[in-house]
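Peer 1: Residues per chain, in single letters:
2 protein chains.
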Amino acid sequence: MTVGREIHLASRPVGMPTPDNFRLVEVDVPEPAEGQVKVRNLVMSVDPYMRGRMNDVKSYVPPFAVDAVLDGGAVGEVVESRSPDLKPGDLVLHGYGWREWAVDDARRFRRLDPVAPPSAFLGVLGMPGLTAYVGLLDIAAMKPGDTVFVSGAAGAVGSLVGQLARLKGAARVIGSAGSAAKVAHLTGDLGFDAAFNYRDGDVSRLLKQAAPDGIDVYFDNVGGDHLTAAIARAKLFARFALCGAISAYNEPVPGPDNMALLIGKRITMRGFIVSDHNDRMADLIREVGAWYAAGEIKAEETVVEGLENAPEAFAGLLRGANTGKMVVKL
Amino acid sequence: MTVGREIHLASRPVGMPTPDNFRLVEVDVPEPAEGQVKVRNLVMSVDPYMRGRMNDVKSYVPPFAVDAVLDGGAVGEVVESRSPDLKPGDLVLHGYGWREWAVDDARRFRRLDPVAPPSAFLGVLGMPGLTAYVGLLDIAAMKPGDTVFVSGAAGAVGSLVGQLARLKGAARVIGSAGSAAKVAHLTGDLGFDAAFNYRDGDVSRLLKQAAPDGIDVYFDNVGGDHLTAAIARAKLFARFALCGAISAYNEPVPGPDNMALLIGKRITMRGFIVSDHNDRMADLIREVGAWYAAGEIKAEETVVEGLENAPEAFAGLLRGANTGKMVVKL
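From first to last, the protein sequence lines stand for chains L and Y.
Count the first sequence with our numbering and you get residues 1 to 330, in order.
Count the second sequence with our numbering and you get residues 1 to 330, in order.
Isolated chain L (complex conformation) (with noise of 0.2 Å):
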């Protein structure tokens, strides 16, 4: 019997994830049955949107329960099967996440071509690389010549949908970052024509300094000041696509006192969720990965190592701390 180890939610948190919301639990890895597959997990992703289900509120996605393990995207590696679907060796990404070893029927796994390393199916293959996809061609529908505006853009989601954007003919693409190291990152290594620090003042000021003639594209993934702000400097007919609202997870915050731009401005704003478009991932996997393999897009990780340091990650990645895809090695 294989003993592993996986994170269960203790408590929920009130504003910021502590330590103590968490706990580290051994467990009997159960033997696989008749159909069934048992995995050991490589790599474990951490993602802002598990903060919600973190809540006892009702949301796209259940709420986590207290006292059971947490659950999110992982991929890893066969290393049991009785089924005819799979074998020991196969690489798998799966929702078994939070934990060291999966074990459950084969049809909850799916084979990956191991095109790209494990991680990369966490990241720029995979639910944020699809999500910064079909948020900048389909919700915002981002056509060459836009100023394309994105927040959070050292993040999974935003540093993709920036070197997206110029990739696909943006005119000009800026970024705001939590950080001036991250704003060196942003328009040194990722092409970004300009960005900004948002702890350095007003995000209004910022960006006004950053697009003076306007945005037609927002891709917003931290809601708050950073919306207020894209309102004001939107041009006529902009698209908005809202992917996230991280800096309302923790806290209420007060919403955009400027909404009746929209009206004069002609603006569209629309809210999406990644799993209502699970049919364009081949496109994804066919053109960003084309891309990612030439080395003309950027997938940058950052790492923690060991499932003991994953709420520790998670917390984190609420933080800012992490540039591109924060993911635990396992």
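Since the hints were made in silico from the structure, they are not lab data.
Check before you lean on any hint, since a few could be wrong.
Intra- or inter-copy, both count: the list cannot distinguish identical chains.
[Said to hold, decoys possible] Pairs of lysine-lysine residues, derived as DSBU-like cross-links and limited to a Cα-Cα distance of at most 35 Å, are as follows:
| no. | residue 1 | residue 2 |
| --- | --- | --- |
| 1 | K265 | K235 |
| 2 | K265 | K329 |
| 3 | K38 | K143 |
| 4 | K208 | K38 |
| 5 | K168 | K298 |
| 6 | K168 | K38 |
| 7 | K38 | K58 |
| 8 | K87 | K298 |
| 9 | K143 | K265 |
| 10 | K329 | K298 |
The hints should help you fit chain Y onto chain L, whose structure is shown.
Peer 2: For chain Y alone, kept in the frame of chain L given last:
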């Protein structure tokens, strides 16, 4: 030489307009030059958007000038013509309201088929009608079976939105208005399924009672707490047409503090301006004109008599003193 009267903007209002923001002025009416016509105005429009034009800020229409005549929609009768395109007796729609006489090139006046009384072309078959039609059907993409909520539902636009939604097969039509009499009018005369007086308490609570299963479409004339409430009650994939924000015209109002719900609910919000959609005027006249002629749509009016009372009519409109379209008979 004809002497006529017109209303000038004497000073820019701060908050609600007062009588001393306006001035009644007597002017000599010029004789029409070659290609011009002279029109005696019969009825003029006061509209909420005019409040924005009284501020000295850039918007989708230029601001009114101080110490100059105001303008806006009006219907008049040609009394003298030096153009082959119009003849005395013709009924015309034009933009020279707030005055008794209008003289300009014939192409500035649109000849009307007198299929309805003059004021109808300022209401159900004019700009408010087109606003309701385009906002509900094109911007909010209302479909049969939708639950539709419209704020400011006793106004010129709102009362048409509700009646159109019913005729287009909405499952449930809900309106808000600012008095018990208006609420009774909406449900008793205009076929709304439910209505509430937004002065009766918390709008979110009132809307929840009126729409226990949520809303698919929100047509916003009000902004502020109405918009916040509509976000809270929106069903998945709800569509919002943002048409007006009368609550914010005289003073800033706090923004919705629940914008993050747009994401999980996949809400689309679109601001629009009716003048982008003049290509739909023929459809309005055909479809809504037929319903109006058949008595299927009621186009109520609040009529104020006399140009000298136009400023008070306008202020009354902003206070909600009207039911249906507010016009001034000259």
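Peer 1: Between K265 and K235, at a C-alpha cutoff of 35 Å, which is it: within one copy, between copies, both, or neither?
Peer 2: Both, since 7 Å and 26 Å are each at most 35 Å.
Peer 1: Since the copies are identical, ignore which copy is meant and state whether K38 and K143 lie within 35 Å (CA to CA) inside a copy, between copies, both or neither.
Peer 2: Answer is neither: 45 Å inside a copy and 48 Å across each miss the 35 Å cutoff.
Peer 1: With identical chains treated as interchangeable, where does the CA-CA distance between K87 and K298 reach 35 Å or less: within a copy, between copies, both, or neither?
Peer 2: Result: close within a single copy only, 32 Å intra versus 70 Å inter.
Peer 1: Checking K168 and K38: alpha-carbon separation at most 35 Å within a copy, between copies, both or neither?
Peer 2: neither (41 Å within a copy, 55 Å between copies)
Peer 1: Are the CA atoms of K208 and K38 at most 35 Å apart within a copy, between copies, both, or neither?
Peer 2: Neither: 53 Å inside a chain and 48 Å across chains, both beyond 35 Å.
Peer 1: Indicate which option fits the pair K329, K298 if close means a Cα-Cα distance not exceeding 35 Å: within, between, both or neither.
Peer 2: within (20 Å within a copy, 67 Å between copies)
Peer 1: Can you give me the call for K143 and K265, within, between, both or neither, at a CA distance of at most 35 Å?
Peer 2: Both: 18 Å inside a copy, 26 Å across copies.
Peer 1: Indicate which option fits the pair K168, K298 if close means a Cα-Cα distance not exceeding 35 Å: within, between, both or neither.
Peer 2: within (15 Å within a copy, 50 Å between copies)
Peer 1: I want to check one pair: K265 and K329. Are their C-alpha atoms no more than 35 Å apart within a copy, between two copies, both, or neither?
Peer 2: between (46 Å within a copy, 33 Å between copies)
Peer 1: Is it within, between, both, or neither for K38 and K58, if the alpha carbons may be no more than 35 Å apart?
Peer 2: within (32 Å within a copy, 64 Å between copies)
Of the hints listed earlier, those the structure fails to meet are numbers 3, 4 and 6, in rising order.
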